[in-house]
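**Student:** Listed below, chain by chain, are the residues.
Number of protein chains: 4
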Amino acid sequence: MIDPQIEAQLRADAYARALGANIEAIEPGYSRVSLVVTPDMLNFHGITHGGVVFSLADIAFAAAGNSHGQTAVALNVNISFTNATGAGAHLVAEAREVNLGRATGLYEIVVTEREGGQLIAQCLATVYRKREYFGRGV
Amino acid sequence: MIDPQIEAQLRADAYARALGANIEAIEPGYSRVSLVVTPDMLNFHGITHGGVVFSLADIAFAAAGNSHGQTAVALNVNISFTNATGAGAHLVAEAREVNLGRATGLYEIVVTEREGGQLIAQCLATVYRKREYFGRGV
Amino acid sequence: MIDPQIEAQLRADAYARALGANIEAIEPGYSRVSLVVTPDMLNFHGITHGGVVFSLADIAFAAAGNSHGQTAVALNVNISFTNATGAGAHLVAEAREVNLGRATGLYEIVVTEREGGQLIAQCLATVYRKREYFGRGV
Amino acid sequence: MIDPQIEAQLRADAYARALGANIEAIEPGYSRVSLVVTPDMLNFHGITHGGVVFSLADIAFAAAGNSHGQTAVALNVNISFTNATGAGAHLVAEAREVNLGRATGLYEIVVTEREGGQLIAQCLATVYRKREYFGRGV
Chain A
4 MIDPQIEAQL
14 RADAYARALG
24 ANIEAIEPGY
34 SRVSLVVTPD
44 MLNFHGITHG
54 GVVFSLADIA
64 FAAAGNSHGQ
74 TAVALNVNIS
84 FTNATGAGAH
94 LVAEAREVNL
104 GRATGLYEIV
114 VTEREGGQLI
124 AQCLATVYRK
134 REYFGRGV
Chain B
4 MIDPQIEAQL
14 RADAYARALG
24 ANIEAIEPGY
34 SRVSLVVTPD
44 MLNFHGITHG
54 GVVFSLADIA
64 FAAAGNSHGQ
74 TAVALNVNIS
84 FTNATGAGAH
94 LVAEAREVNL
104 GRATGLYEIV
114 VTEREGGQLI
124 AQCLATVYRK
134 REYFGRGV
Chain C
4 MIDPQIEAQL
14 RADAYARALG
24 ANIEAIEPGY
34 SRVSLVVTPD
44 MLNFHGITHG
54 GVVFSLADIA
64 FAAAGNSHGQ
74 TAVALNVNIS
84 FTNATGAGAH
94 LVAEAREVNL
104 GRATGLYEIV
114 VTEREGGQLI
124 AQCLATVYRK
134 REYFGRGV
Chain D
4 MIDPQIEAQL
14 RADAYARALG
24 ANIEAIEPGY
34 SRVSLVVTPD
44 MLNFHGITHG
54 GVVFSLADIA
64 FAAAGNSHGQ
74 TAVALNVNIS
84 FTNATGAGAH
94 LVAEAREVNL
104 GRATGLYEIV
114 VTEREGGQLI
124 AQCLATVYRK
134 REYFGRGV
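In the order they appear, the protein sequences are chains A, B, C and D.
Going by my numbering, the first sequence opens with residue 4, and the numbers climb by one from there.
Going by my numbering, the second sequence opens with residue 4, and the numbers climb by one from there.
Going by my numbering, the third sequence opens with residue 4, and the numbers climb by one from there.
Going by my numbering, the fourth sequence opens with residue 4, and the numbers climb by one from there.
Certain hints may be false.
The list treats identical chains as one, so a pair stands whether inside a single copy or across any two.
Straight-line distance between alpha carbons at most 25 Å, and here's what the computed DMTMM-like set of lysine to aspartate or glutamate pairs gives [as the list claims (entries may be wrong)]:
hint, residue 1, residue 2
1, 133, 100
2, 133, 116
3, 133, 10
4, 133, 6
In short, the hints are calculated from the structure, not lab data.
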């Protein structure tokens with residue numbers, strides 16, 4: 004179980020709120036976040052903008068990466084896009100810790116469409132862990 | 004010079020407009036886009052959200068990648084974050100074509116802070132070029 | 004099961020042979036390859052060279068990516084290194100297909116140490132699939 | 004100019020020697036390394052193996068990343084392949100420091116064919132800088 008003080012901080016994300024992202028679950032080293040695509044999230048081809056798909060994945064990544072109460076900042080994210088979606092799509096991002104070192108952590112984030120489970124994007128992402136703590140870690 | 008019909012389509016990007024991104028220049032294989040960070044673009048650490056920095060880079064990438072009038076979709080973007088910014092920062096993304104093949108294209112996108120020029124993030128990104136055309140290409 | 008003609012071609016890899024890599028298994032969309040690290044595979048820090056770890060992963064990636072008998076060439080590989088090894092380490096790379104489209108495919112490759120299973124590196128990698136065939140695909 | 008003690012260590016790379024790589028230049032934050040492709044460096048398609056191209060880039064990356072005399076280990080390398088080569092090709096990798104922080108550094112590595120200068124691959128790569136020193140840094 005995650006410390007409530009840590010969870011409260013992770014949920015206080017202005018951009019996640021502005022996008023309408025729903026932080027469904029946070030556990031140590033894990034999070035799941037969802038989003039319904041709106042018409043103002045499309046690109047000039049009329050499909051969901053890569054920036055929106057990435058943002059959803061990044062919100063899940065940040066929650067998982069900071070879930071130990073140690074300040075973690077993103078160093079690198081690699082995202083591969085596999086299938087396009089459009090307005091109304093219900094996207095779900097799940098972030099899982101693959102490796103946790105003293106100074107860095109590695110995460111895999113998978114974005115799927117809730118209905119049907121089609122893969123939309125997959126990420127491999129690294130955090131740098133500062134020697135700063137904002138909660139009672141796990 | 005870019006074909007006006009192509010440029011018009013590249014500028015009709017709902018998400019870029021919703022974010023307040025300013026598409027400053029589009030040339031064949033190149034684009035420059037800027038954004039002023041607002042308080043609702045911050046993460047729970049109080050710094051500019053990685054999703055916003057990526058989105059700015061991605062808007063520039065999409066404009067450069069589609070600047071030939073051939074439909075290009077993002078396959079992969081790798082982003083490395085080097086320095087944090089906060090509300091009020093004026094970010095500029097420049098996308099440059101590194102390689103253009105028949106079926107794929109490779110782009111480098113550099114995000115800097117306008118004042119001072121500090122590097123905020125750098126990307127290496129690949130498009131897949133469909134056999135579809137929406138303008139008179141170059 | 005994989006077509007024997009395809010498997011024979013995938014095994015005819017000069018560089019894999021020169022490195023001493025052992026292609027243990029190839030199935031449609033999957034492969035497993037192993038390697039014992041020798042002293043001439045170390046870097047100037049005395050640990051296994053990143054180029055060797057990548058090469059092992061890339062051999063597995065190429066086998067999985069070409070396992071359908073359609074010529075697939077690497078577009079992009081992202082590799083994250085998590086733990087160092089040294090001479091004598093027995094490394095195993097497993098490549099799994101995450102997504103298979105008409106023109107591209109996405110693969111995850113995980114490199115572990117056989118004894119103990121510690122994660123050494125993880126990759127996310129994209130192929131471009133040419134319209135060329137060298138065997139009876141699956 | 005680089006400290007001779009640092010340069011001597013960077014050149015003592017067993018795998019670079021085994022591959023026949025020629026470390027042509029090392030400066031603070033920069034290096035250039037070349038390699039002539041031999042028949043045992045080809046893959047089953049008969050083109051230069053991705054592992055060899057990566058290894059060349061990684062040798063240049065490691066030299067540039069460690070050129071300050073502070074131990075730097077690779078966290079992440081993203082490589083995009085743009086053009087194929089074959090036996091006899093003379094490949095050159097140049098690594099340049101894009102950002103140097105206290106704990107991490109970001110590098111761009113460009114691999115070209117010496118004759119003609121065609122782009123073969125491009126990388127974006129991150130090191131973690133340990134608090135260990137093996138020379139008088141710059």
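**Student:** Does each hint hold? Answer for all of them.
**Tutor:** Against the structure, the hints:
For the identical chains of this complex, residue 133 and residue 100 are neighbours both inside a copy (17 Å) and across copies (23 Å), given an alpha-carbon limit of 25 Å. In this homomeric assembly, residue 133 and residue 116 come within 25 Å of each other (Cα to Cα) only across copies, at 23 Å, whereas the closest approach inside a single copy is 34 Å. Taking the shortest Cα distances, residue 133 and residue 10 sit within 25 Å of each other inside one copy (18 Å), while across copies they are farther apart (31 Å). Taking the shortest alpha-carbon separations for residue 133 and residue 6, only the intra-copy value of 19 Å comes in at or below 25 Å, while the best inter-copy value is 31 Å.
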